[in-house]
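Engineer: The lines below spell out each chain.
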Amino acid sequence: MKIRIKFRKYGEMKFIGHLDMMRYFQKAMRRAGIDICYSEGFSPHMIMSFASPLGVGLTSDGEYLDIEVGETLSSAESVKRLNAVMAEGVEVVSFRKIPEGKASNAMALLAAADYMVRFREGMEPAAGWEGMFDAFCTQSRILVVKKTKKGEREIDIRPLLYQAVRREDGVFFQLAAKSSENLKPELVMEAFGIYAGITFLEYAFMIHRLELYADTGTEGERKLTALEDLGEEIQWNKTEDF
Amino acid sequence: MNDVKQLTKRMITMRKLALDDRILLKIEKPARYIGNEINAVYKDKSSIDIRFCMCFPDLYEIGMSHLGIQILYDMFNRREDVWCERVYSPWVDLDGILREQRIPLFALESQDPVKDFDFLGITLQYEMCYTNVLQILDLSGIPLLAENRSEEDPLVIGGGPCACNPEPLADFFDLFYVGEGETSYDALLDLYKEHKRAGGTRKAFLVQAAGIPGIYVPSLYQITYHADGTIASRKPQSPQVPQKVKRQAVPELADAVYPDKPLVPFIKITQDRVVLEIQRGCIRGCRFCQAGMLYRPTRERKLSMLKDSARKMLTATGHEEISLSSLSSSDYSGLPELVTYLMETFRERGVNISLPSLRIDAFSLDVMSKIQDIRKSSLTFAPEAGSQRLRDVINKGLTEEVILEGAGEAFQGGWNKVKLYFMLGLPTEQEEDEKYIAWLADKIARRYYEIPKDQRNGKCQITVSTSFFVPKPFTPFQWAPMCTKEEFLDKAHTVNQEIKEQLNRKSIKYNWHEADVTVLEGVLARGDRRLSQVLLRAYEKGCLFDSWTECFDNERWMEAFQETGTDLLFYTTRIRGKDEIFPWDFIDSGVTRQFLYREWERAMEGIVTPNCRRQCQGCGANAYNSGVCLEQRMGHEKETKRETV
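Protein chains in written order, with the numbering used here: chain G, 161 to 402; chain E, -15 to 629.
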């Protein structure tokens, strides 16, 4: 049975990188007694995959990993057991059954992500940046120079910038997050800085990921569905009655 | 349980990290400095009496892998009146930032400055971490010299194997704990609590503490020297202070306290697994081996306790691997049953079992074939010396026949990789002994190629590694002169040349250690308290992380010796007399000096001494009245006892 787990990562856990988070969850599965499946061979590993790595320094309310299990308790009970063995700074939000098959993998389905970008205290740009930001967002093309292995390449990130909204405490972005077309919030902010002639200091941004989406729309029409909503709750069953 | 967890979470949320986000994002592996690991212990500061900061003076990844700290951390935190936290050496990147921004070194759990603690406990696992000890004190803002500390400074206490000759560090520590931590810490903490309540002075506390078994207060002894530099006398400064300090050993290890919930780090560490200590001590009596002499008598843990402990620790950590820890694990009487139990119970849950190096026999080969991929794993032998003559000198019971037979059986079973460990520069060693190393490696390869081509698994790979011998206190070789750097390198060269002459040279790979570090290790291992000034000078010159090749700078060390007018050779190549007073002689390790000297003489004659189970040698460890010493006295009852453990 395939399960999708949604979790939050906050506080000090933002200093734990992606590979260490994978190891963290492998150990957490054992501590929580989740009946996770293993691959074959001499050194079997857990069948577990993450939707999208979260960089060091970022926090999130919408991280996902998919696992395969033999038997399972209800969603509610599984969430409870996992949270009982979590470190402060990681919280499991949901535990849902998803359809079988590779096509349902979070990593394969991932199409977009929501972010909040806030300024670190004392590192906000000078007043008046707001108007410039709004103007920046109304452009029809936003060209940025992207460094690749083959050198530098100019690309238009405007089509990947689905939403950009200024909010009281920062900027909200909805960005493309496909494996082929992936836009990071830092890159958008960098482009804005160049546009507005603002030099942002290193570590000026505090970036928080809010949600990850699959595109469940039809050709040409985007319909974003949170990865969590593609799974269904596992109801209480008799075996839990102990 | 849930309440505790809630409380814990709140405490972590409430605390503020000592380092700013911008620092943490700039340095390598910030997870080394944030604490919050699974099973870390948080307590309410206002409701405890003693704050103890436990330090392993090396990188987080090394220190977190250490079993001793896990045992003491658990043991201290079981006391309601103590909160034990941890600190490790900040890596050079953070070291620079802490100095530049004047941020005091902090403990991982509370993130409070180390200077605010009652105790700073530093474990001394190897000599080359001594400059890191000074870094810890320095970054904490604690005066480096114990004599300069005030009533407000934490009491700095050292422990671990190197505390069996703590003298080179004497100036930097207020006190040392000599021996196994389980026995006397409660008494020390109780005394401190009383002292704190009554508001006594630091000095008065130290004098009282010196009366607790195993506690050594270096400042309470005065040493005088002969004109030739050797020690003339060693006098306690006060009548309450004992002449001798008794090394501590747990009398009843069978079910002695052991952590159920070891810490689980976020980043990968050197020993990223559950470690199960199956026994302490070793019956073998290899004459170069300090651990084998120092942890006597050999004491086994109870099989039932180990099974239970393995289950609890795997559940509480979620680790995917468990390893067994001890010296000479094959001598643990319940080994087959334990290994079989672990395999049967945990393998299907995806838990790997990592075996210690076992004697190669039918049992170990069978187990190895079940839990390892034969194509990838290798056999390990530690003959330590190339020739049988020299193996007799060092009392290493492994013979060439046993090695060839074991390797032969393993080759038949499909293995083709062998690792061999040797030491160079052993007492009485001649060039021929060194060449034997190459010859033995070649013989093993020949044994492999005796197997018909269609039945073997390609070429064989034999890896020969040599380290340089360092004479250690409390071993029969404590009298032995040590080689110079040049002599060591010549020896490695001889082995390397001889390997190149062998028929199967293409199947043999040779690695040898660096000689510079070994020489310094030798100086510090048998050093006296006059070396404190060399250490201080080396540290001031920038020596740090000396066990890391990328940091080690031999030239600075040599300068430190020169500038302090210290003759390095006095500590290494000098021949020590039978009755010379050694800097560590004030410690009563159980094993007597008479026994050690007898073993030294037997070594010179190449006479082998049987192991503890075969025949008691009267080494003196029976003073602890436990473990293998009792087994022997029970004579025929021995078998029954061993079945029931």
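Derived by calculation from the structure, the hints in this document are not laboratory data.
Incorrect hints may appear among the rest.
Which bits of chain G does chain E cover? Going by a derived footprint, with three or more residues having C-beta under 8 Å, they are [stated by the list, open to error]: (1) 237 to 249; (2) 331 to 343; (3) 380 to 393.
With a straight-line Cα cutoff of 25 Å, these simulated DMTMM-like cross-link-like pairs (lysine to aspartate or glutamate) come out [unchecked claim]: (4) G:LYS338 / G:GLU328; (5) G:LYS187 / E:GLU45; (6) G:LYS338 / G:GLU284; (7) G:LYS169 / E:GLU12; (8) G:LYS162 / E:GLU332.
Nothing here was measured: the structure is a model prediction, and the numbers come from that model.
A virtual CB, placed ideally from N, CA and C, is assigned to each residue, including glycine.
Engineer: Look at each hint and say if it fits the structure.
Structural biologist: Do the hints match the structure? See the list:
1. Interface restraint, the stretch 237 to 249 of chain G with chain E: holds (5 residues with C-beta to C-beta distance below 8 Å; minimum three).
2. Counting residues of the stretch 331 to 343 of chain G whose CB lies closer than 8 Å to any CB of chain E gives 0, so the stated coverage by that chain is violated, three being the minimum.
3. With 0 residues carrying a beta carbon less than 8 Å from a beta carbon of chain E, the stretch 380 to 393 of chain G misses the three-residue requirement, and the given coverage is violated.
4. Annotation: proposed proximity of LYS338 of chain G to GLU328 of chain G is violated, straight-line Cα distance about 29 Å (limit 25 Å).
5. Proposed proximity of LYS187 of chain G and GLU45 of chain E is supported: the alpha carbons are some 18 Å apart, at most 25 Å.
6. Restraint check for LYS338 of chain G and GLU284 of chain G: not satisfied, since their Cα atoms lie roughly 30 Å apart, outside the 25 Å limit.
7. Distance hint between LYS169 of chain G and GLU12 of chain E is fulfilled; the C-alpha atoms sit about 20 Å from each other, no more than 25 Å.
8. For the given pair, LYS162 of chain G sits about 20 Å from GLU332 of chain E by alpha-carbon distance, which is consistent with the 25 Å threshold.
Checked against the numbered hints above, the structure breaks hints 2, 3, 4, 6 and satisfies the rest.
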